[in-house]
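**Q** Below, each chain spelled out in residue letters.
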Amino acid sequence: MTHELHDITLVVNGRSHPIRVEARRTLADAIREECGLTGTHLGCEHGVCGACTVLLDDQPVRACLMFAVQADGRAIRTVEGLAHGDTLSPLQKAFIEQHALQCGYCTPGFLMLGTAILEQNPDIGDEELIEILSSNLCRCTGYANILRAVRAAAAAMREEGVA
Amino acid sequence: MDGTTHGPDDARMAAGPGEAVGRAVTRLEDPPLVRGRGLFAADVNFPRQIHMRVVRAELAHGLLRSVDATAARALPGVVAVWTSADVAEIPSIPFRATKVQGLEPYCQPVLARDRVRYVGEPIAAVFAEDAYLAEDAADLVAVDIEPLPAVLDAAAPPAEFAPGLHTEPTIVRKGFGDVDAAFAMAHAVIELDLSVGRHSGVPLETRGAIARYDAARDLLELHGAAKKQHWNRDEIARLLGRPPSSVHLFEGHVGGGFGVRGELYPEDLLACAAALRLDRPVKWIEDRRENFLATNHSRQQRHRIRAAVDAEGRLLAIDDVFFHDQGAYVRTHGARVVDLAAGMLPGPYRLPAYRVAGHFRLTNKTPAATYRAPGRYETTFVRERLMDAIATRLAIDPIELRRRNLVATAEMPYPRPLDVLGSDVVLDSGDYAKLLDQALDRFGWKALRESIAARRASGECVGAGLAFFVEKSGLGPSDGVRITVDHTGTVELVSGAASVGQGVDTVLAQICAEALGVGYSGIRVVRGRTDRIEFGNGAHASRVTVMSGSATWQAAQAVRAMALETAAPLLQLSPEVLTIRDGIVQRKDGATEPSMTLAEIARQMGPNSPAMRGRTPGLTAEKWFWSDHMTYPYGVHCALVCIDRGTGAVKVERYLVANDIGRAINPMLVEGQIAGGFAQGLGGALYEEFRYDETGQPLSTTFADYLIPTATEMPALDVLIAEDAPSPLNPLGIKGAGEGGTNAVGAAIAAAVDDALGQPGAVTTLPILPGTVMRLLDRAAP
Amino acid sequence: MKPAAFRYHAPRTEEEALAILAAVAPEDGRILAGGQSLMPTMAFRMARPAHLVDINGVAAFGLLAAEGGVLRIGPCVRHAMLGAPLVGGPLGALLGTVRRHIAHLPIRTRGTFCGSLAHADPASEWCLVSATLGAEMVLRSVGGTRRVAAAEFFQGIMTTALAADEMLVEARLPLLAEGTRSGFYEFSRRPGDFAQAMAIATFTLDGGVMSAPRLGLGGVEDRPCRLPAAEAMLDGQPPSAALFAAVAAAALPGLVPMTDDPHRLRLAETAIIRALSRAAGLPE
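Protein chains in written order, with this note's numbering: chain B, 1 to 163; chain C, 1 to 782; chain F, 1 to 284.
One should not assume that every hint holds.
[Claimed, not checked] The list that follows gives simulated cross-link-like pairs (lysine to any residue, SDA-like), each with its CA atoms no further than 25 Å apart:
#1 651/C with 129/B
#2 651/C with 277/F
#3 651/C with 577/C
#4 434/C with 447/C
#5 99/C with 477/C
#6 93/B with 39/C
#7 651/C with 261/F
Note that these hints are calculated values from the structure, not bench results.
Please work from the sequences and hints to get the whole structure.
**A** Structure representation (structure tokens):
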């Protein structure tokens, strides 16, 4: 079996990471191990739980369902890129204030999914919001507070004129 | 106080919200977690680490003829491959202390020896430079198994476990009163056959174990630990022949526990042994398929239960025979779930006579153990089904029937001649009838019945149901907390507890802040580490807030007293006129001068302070809270469901959990526990099940087959936290809140589905699947 | 759950892609488009292709255009693109409705329409759309191009007319005439889960009666199917709950479900009735 290595560049949160990986290395593993950004979590490695959700060219994707070589040069955003210095994003703040996390393992995936929702459709209706948030699994919270947090962040962003 | 050793300095916390306690403050845990800076098991890395991959049985039962690792060992990058011969000197994984005898031969070896007994059982371990490579090598290990018939039904007669041993290690029997006489004189006897499906905690983070050996200090470290660090440390040390002080366990962030995470599993021992022998740090991260196959399952029981009642529906006796499907081996819990089921089944009802026989049976499935509300989720379903059946038989309203049987407040504390987990059952406090009224009122039961009638008239298939439950929490015997104020005024709290993500740090900090007179947000909480505190009983059985919370209260009171005593002479005031606010010792009457900060006091009490000569320095205190009895939270679940006649799908539209927990340290976190617990109960009621085919092959090994509820499945959930019955057993009056959200979900939804179908007693099995509901709908159709 | 090693190929043109596929097909070479079905099976090591030909770099494969009465869908068109705003008209409305049932948003941004067809899971919504509307598949290899109708393309559970060295380079969905009504219903345990039964109905209403009806059923048999006898019962009739129930009841005996669970047939019946009712705008 071949173990060819590929030289690629992952651009994560605006920073370039020149790395060398096997073609079979998933984007999630490369972000975590080669780039050292362990905020992207692996919950199932078969695309169902959503803990590894990242934004690829601003679209939410499962990082376990892409090979790192496929993301060469593309713009990747992860949970580590949400805050600006010490200032948390409105969604991060809302997650804390609404108690939208317990163990915190699914949180990065929900934050990235929620960020995509708020960027693409800040006025999203409840039905569609629940439908999209059903993309990811949480085992601790029962989801209601996650929904509240996304709504609260949308309201905060409207108030601040961010959206 | 009965059953509790309270120190002389034990002041009860005043009722009502305080400065920090009783307030819905945000969590100390959250900032790193929302920034992706947590430290979960997979985030732990050490230089030169190698990766472990476990080769697992793909047959449910068979004789292990050979394991050939030649090809795997030859693969470049493979450091070692172990089979059972390589770990022959490591004893089987033990179980915690229990009165039940004879379980030892049924414990699981670290690697299978001559038989495999479930799909997923570890057979060999591969160690390689990279996780991908380790998996490549594991694929090359050739395993030869001669198949044996698989035992899959725990209610079938026992079969052979090993020569001379059959698959029923024990029968747990409990009881009191004259059951036979009660049945002989009964007005009616109601008999049911009820089953609960196999499901489990399935945390979002899989297990992980990262072991390294520090030869310079002769220390073995295990990272990725959770729940029971100290017990696990002691056992790992014993099994590997080392003194306990040379082994340390470290808990980072834990991505959910729910009972299954943090038990001692074969992989923990393998990683530790390999780190010692191979002289490299060893990292093992369970993958999701392994998690479904290898981490504890739970719940599967079949009950044949009978009740004897009088003409008014009062219980005279319950006689229950149940079969507990333990899976392939006895794990660290021993027969605990059977014990809990047998001991907790009577719940909130006055019961003159009771007899139970819990058959603890092994099958060729993944071993089982505790999962949130263990033994209670199952028996609340069984007991509340029974109460509904009695109501139907005697044509009594099911709510009225329950009222007639509830233990009254005047009877509290209510001793029941039973023991659970080796502790006598004494329902410590409660006003069951009041909470039932509050719940019905809050759920709008009367109006709901009317709206259900109207909706049925327009063709909808809707129904409501409820269930009462009693939980148990605060399992002793002890837990300790050490609180220290350093020379900068920073408070550190070191606890023997653990955290599985539920907010332990915040809750302990709130209690400490309340007692000490400091802000909670600056308190540094240390837990889950054996190198910082000598003993600890960990995080399980809804015990942390009760046990470690009470120890925190006492330790913080002691530190407070020390601070006041030290400050008083320096401020030339009596300690009685002083208090601590925001970390500053000052007069109680509000005058701001004179004053002294805790930092200044800590410096006064430092090791180089002349004032401390001859004394142990430090503004610090360690207190241990002891308890012989558990506390018993209780509650009511109400469900409104709608059934789709075209598909059989059950939609839970509205749900209420009313739960009296004595006192909520942080109401927001309590609601979070209840909501999350409910979601798991909902999973077990309608969605989650580990299914097997007739050969014992597991069918639920992906998240597309094992269905965890998503945001869509969650109904509008209301949580009523009651504080009407504080526990007399601890200074805070608290009872645990971790499991009440889960406990009665199966029971309440079953009752609601019966009601919607108009077929009392129709639901006999959990989970309630659309196909089953469809058959029931067809049965009712003209 | 780490995939086995493979050789990675990233062609930039269709010709290059076909040439590589021809070379690697005998060694279990596979096309990698969205990867949302392939990668999970590789993670479980149930698939261990020796070569992957990643076609995401072939610009022409992003083709999505309505021309000559058909919607032309190239191999790299993602689920999320099908429907508004990129596809309009009655077909766009139907695709947009169906799209919401395909897994979840972060899958829909990667997974492809043609990939779903080539994968041919009986629970695939796009396969049902293709079978019901009578899509035409364009199959190409270095040896030439074939056009295959949906009815011949789907041959069983994850089995299609594609040869190992052939690529589905385009799917052609007939546009729906203006005024065409459509209805879709799917039953799955949770949203985004595999369909246990689903149906699509399309027709126009002329003077209160249905004409040009199409009715397709998926997730029940080993491949999606049209139900011509049922369509004949609908043609020329006014829509009614009674008719739809009769049509569904008549369709059941002819079905060969993948499972012997009787529930599956009940779900099929419900799916047919509800898809028709939705198309007709009748209460379900």
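**Q** Which earlier hints can't be squared with this structure?
**A** Violated: hint 3 alone.
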